Amino acid sequence: MDKSTIVCRCEEINVDEIETVLKMGAETFDDVKRITRCGMGPCQAKMCVKHVSNLISEYTGKPLAEIPPARARMPLKITRMRVLAGTESHASTVKAVFEEGDPDEK
Amino acid sequence: MKSRTHAEAYDVVIIGAGVIGNSIAYHLSEQNSQNILVIDKSFPLSGTSGSTQAWVWVHTKTPSSYGELSLFSSELYPYLERKIGDVEYKRTGGLAPFFTEEEREKALKLAESQAKVGIDIKVLSRDEVLKKEPSFSPNVVGATFSSIDGNVNPFRLLELYTRAAEKNKVDYSFYNPVVDIEQQGDGYMVHSEKGVFRTKKLILAGGPWSKQLGSFIGLDIPVKLVRGQVLITEPLAPLLNYTIGGIRQANNGEVLIGYSKEEVGYNRQGTLDVIQETANMAVSFVPALANANVVRSFSGVRVVPEDGLPIFGEIPGRKNLYIATMHSGITLSPVIGTLMSELISSGETSLPIEKYSISRFA
Amino acid sequence: MNIDLLVVGGGPAGLMAALEAAEYGVNVAIVEESSRLGGQLRQQTQYLSPLPSGIGEIRGFELANELVEAVTFNKHIVTYTNHTVIGLYEDGSVGINNGKEIIRCETKKISVATGADIQGVLFPGWTLPGVLTVGAAQILVNRERVKPGNEAFIVGSSDFSIEVALQLYDVGINVLGIVETETSLHDRKQENLYRLKEKNIPILENSYIEQAKGRGQVEKVILNQNGNKEEYDVDLICVDGGLNPVIELCQLYNCSFAFNEILGGWLPTYQANFETSTDGVFIAGNTAGITNQGAVMVTGKLAGLGAAESLGNVPEQAADVWRNNYWSELAKLENYQVNEARTCHIQNFETSKTKVYET
Chain A
1 MDKSTIVCRC EEINVDEIET VLKMGAETFD DVKRITRCGM GPCQAKMCVK
51 HVSNLISEYT GKPLAEIPPA RARMPLKITR MRVLAGTESH ASTVKAVFEE
101 GDPDEK
Chain B
1 MKSRTHAEAY DVVIIGAGVI GNSIAYHLSE QNSQNILVID KSFPLSGTSG
51 STQAWVWVHT KTPSSYGELS LFSSELYPYL ERKIGDVEYK RTGGLAPFFT
101 EEEREKALKL AESQAKVGID IKVLSRDEVL KKEPSFSPNV VGATFSSIDG
151 NVNPFRLLEL YTRAAEKNKV DYSFYNPVVD IEQQGDGYMV HSEKGVFRTK
201 KLILAGGPWS KQLGSFIGLD IPVKLVRGQV LITEPLAPLL NYTIGGIRQA
251 NNGEVLIGYS KEEVGYNRQG TLDVIQETAN MAVSFVPALA NANVVRSFSG
301 VRVVPEDGLP IFGEIPGRKN LYIATMHSGI TLSPVIGTLM SELISSGETS
351 LPIEKYSISR FA
Chain C
1 MNIDLLVVGG GPAGLMAALE AAEYGVNVAI VEESSRLGGQ LRQQTQYLSP
51 LPSGIGEIRG FELANELVEA VTFNKHIVTY TNHTVIGLYE DGSVGINNGK
101 EIIRCETKKI SVATGADIQG VLFPGWTLPG VLTVGAAQIL VNRERVKPGN
151 EAFIVGSSDF SIEVALQLYD VGINVLGIVE TETSLHDRKQ ENLYRLKEKN
201 IPILENSYIE QAKGRGQVEK VILNQNGNKE EYDVDLICVD GGLNPVIELC
251 QLYNCSFAFN EILGGWLPTY QANFETSTDG VFIAGNTAGI TNQGAVMVTG
301 KLAGLGAAES LGNVPEQAAD VWRNNYWSEL AKLENYQVNE ARTCHIQNFE
351 TSKTKVYET
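Residue numbers (full-length UniProt numbering), protein chains in the order written: chain A, 1 to 106; chain B, 1 to 362; chain C, 1 to 359.
Isolated chain A, as found in the complex (with noise of 0.2 angstroms):
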């Protein structure tokens, strides 16, 4: 393995960039997500999470029980917008940006 070895495929991330965010201070699979972009892709860090902690570990010098596992989200599985949305039409907390618009000066 040397620093141009992909780790993530989804989004092409490699160790070299993995490692920098590492530089930076980054201690958690999250970390290193939101910087490099590694584990967001179609995928969603199945492959790559074990791979990403042991970069972690192995730099930080932290075990991997100290290393928290990438955050849950939903949809759990790629799913159709489509189906997501169903039939009815009903938004509460969902809310157009004007709705909420107020010209008149405070």
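If you are wondering where the hints come from, they were derived from the structure by calculation, not from laboratory data. Model, not experiment: these values are computed from the prediction. Misleading hints may appear alongside valid ones.
[To be verified] Below are the DSS-like pairs computed for lysine-lysine, each with C-alpha atoms no more than 27 angstroms apart in a straight line:
no., chain 1, residue 1, chain 2, residue 2
1, B, K132, B, K106
2, A, K3, B, K167
3, C, K229, A, K3
4, A, K3, A, K62
5, A, K23, B, K169
6, A, K23, B, K41
7, C, K229, C, K199
8, A, K3, C, K220
9, B, K200, B, K169
10, C, K100, A, K46
11, B, K131, B, K109
12, A, K23, B, K83
13, C, K147, A, K46
14, B, K224, B, K211
15, C, K213, C, K229
16, A, K46, C, K213
17, A, K62, B, K211
With chain A fixed as given, assemble chains B and C onto it according to the hints.
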């Protein structure tokens, strides 16, 4: 708590490494004259700044004085980018659609009041909306449009602020929660899990965690916490020309959708209830999104001052203690960093900022 | 949908959990994201061993058929294939994608039997076509009847990858060797080692793949064995970087987690009845720690029994008797180290109720 005698000494300590704290650190560091420390309980992007759609959004911000502040900030983005690097800032223009005729009245009023501060808004008819954004739902009645709105990549923004500040000798201490703050003469002792820092000036930029920081020094910081959930699609071919109130398409083709607001404290766990409502909104705004795959969602806790307007400036009666906390931190980041660094280093600002003082809540 | 017990995952653990709970009259629904029940058993063409008592010599896919038949004809069990759990609603009910819409399922108890993910192995060139996990190679050969290559290396020498090496050999793939970084192997099935010898497939100890090369597809491999590099012509590399429990649903339930290397990394903490720190959430199979298929089935029984008991369908005393039996069986079936690790994992739950790791 007793202060240790061998505290590390700084001119300025900034608590919070988000888009506000980091902007202040970077702008201050441009002068290269002060020792600056940024301290964070976690890592950049782990909080609000990393869970945002990252619009640089101006035209619906009211009152117009607040719109104006947002306008100045968006004007600063191109200059910021020249200094710190490519943060994928795009001035796409922004559309805020409406679906009833009553809202057109509101829109016209908005255009009129924003014009006074130089924000140019057009109120579009249905046909005009569809001409600009052909994938938009024909059910739309109209939209307000301004060419000033856009978006940015928040991950790049934070990374490049940090790198530029580091280059200017700013120190960072991550994964280091502040546990207490003590006033000592004209300065402050910041007690953290990893040690004690002595500083001449202290800036609270903790976003959603501001209330706790304030409580260390007997300050009530009047902010609410609001959870927002955002859906992300797989990368799609170019579909949207503009940043739409609620939806934007990123450089890599992913579409981000969301405009939910829930007051549930620090709970960041997403819920299918809101995810489904958001999907529903996506399809009713842009019907073609029905066929897109949703790859993931994220949820973030935003901070909203009780009157909705930013809180920043020196804290009255507390020498050398400053605060900067607000909603829309991405939009406001460049201007807040600029004004706060002016205030901290010279005591004066190039724009009046009194109305954003925390004293208005007293 | 309104039921007593929702079983997520239609593999051996989920099926056993459903059957066990149904014994006590619990109304169970099984959701399985693929089009068929049976999970990993479906592509196991070898005779399984060891298996729980009462099950005779049987191949994996045959056992899958028997279990599927048992759940299909059980009046307390409803099965939903092509149904995927995608998340939770605010009130705790479960969202299931049936391909058309999201069904909201209210269930009193849930048993998470989502299995494990197989990890890859990193080396320059691992993203080239021709590099597969051993699991994927096995599905291609045994289920899809596709031969993924002609000349192969296997990377990683778990019992499972040895099994796959033998199966690839059986369909006419030349397996050059099993690459293993360790220098001494323990606890491998003797019978499989013997069969490897018979077929002339070496286990290459103290070795790793330096690089895979090729234009658009694996063509060559540089193997490092005892520090010596040598190039081989191969078009297939099957990798086994170990199994990790699939824990996402448990994360959404805010279960507490602990790291246990032997059990496969991060997994929910749980009690002797296989209930996690979140009330009503049970786990079974590889989600509760990576183990062999026979043991997976027994963990399913334990989770099913636990759910039935907590629903009030089994008196506590009777449940304890059965539970002790199943635990003894588990101890017999699974590798000593794994069983030890599992016992330790459970003791940790009993002694500290604090959350080990919160998501």
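Quick rundown of the hints versus the structure:
1. B:K132 to B:K106: This hinted pair holds, its Cα atoms lying about 21 angstroms apart.
2. A:K3 to B:K167: Between K3 of chain A and K167 of chain B the Cα gap is close to 24 angstroms, so the pair holds against 27 angstroms.
3. C:K229 to A:K3: Holds - the C-alpha atoms of K3 of chain A and K229 of chain C are around 20 angstroms apart, at most 27 angstroms.
4. A:K3 to A:K62: holds (21 angstroms)
5. A:K23 to B:K169: The hint holds at about 16 angstroms.
6. A:K23 to B:K41: At roughly 18 angstroms apart (the allowed maximum being 27 angstroms), K41 of chain B and K23 of chain A satisfy the hint.
7. C:K229 to C:K199: holds (25 angstroms)
8. A:K3 to C:K220: With a Cα-Cα distance of about 21 angstroms, the restraint between K3 of chain A and K220 of chain C holds, given a limit of 27 angstroms.
9. B:K200 to B:K169: holds (17 angstroms)
10. C:K100 to A:K46: holds (25 angstroms)
11. B:K131 to B:K109: Since the Cα atoms of K131 of chain B and K109 of chain B sit roughly 23 angstroms apart, the hinted pair holds (cutoff 27 angstroms).
12. A:K23 to B:K83: holds (22 angstroms)
13. C:K147 to A:K46: holds (25 angstroms)
14. B:K224 to B:K211: Between K224 of chain B and K211 of chain B the Cα gap is close to 9 angstroms, so the pair holds against 27 angstroms.
15. C:K213 to C:K229: holds (14 angstroms)
16. A:K46 to C:K213: holds (24 angstroms)
17. A:K62 to B:K211: With Cα atoms ~32 angstroms apart, K62 of chain A and K211 of chain B exceed 27 angstroms; violated.
Checked against the numbered hints given earlier, this structure breaks only hint 17.
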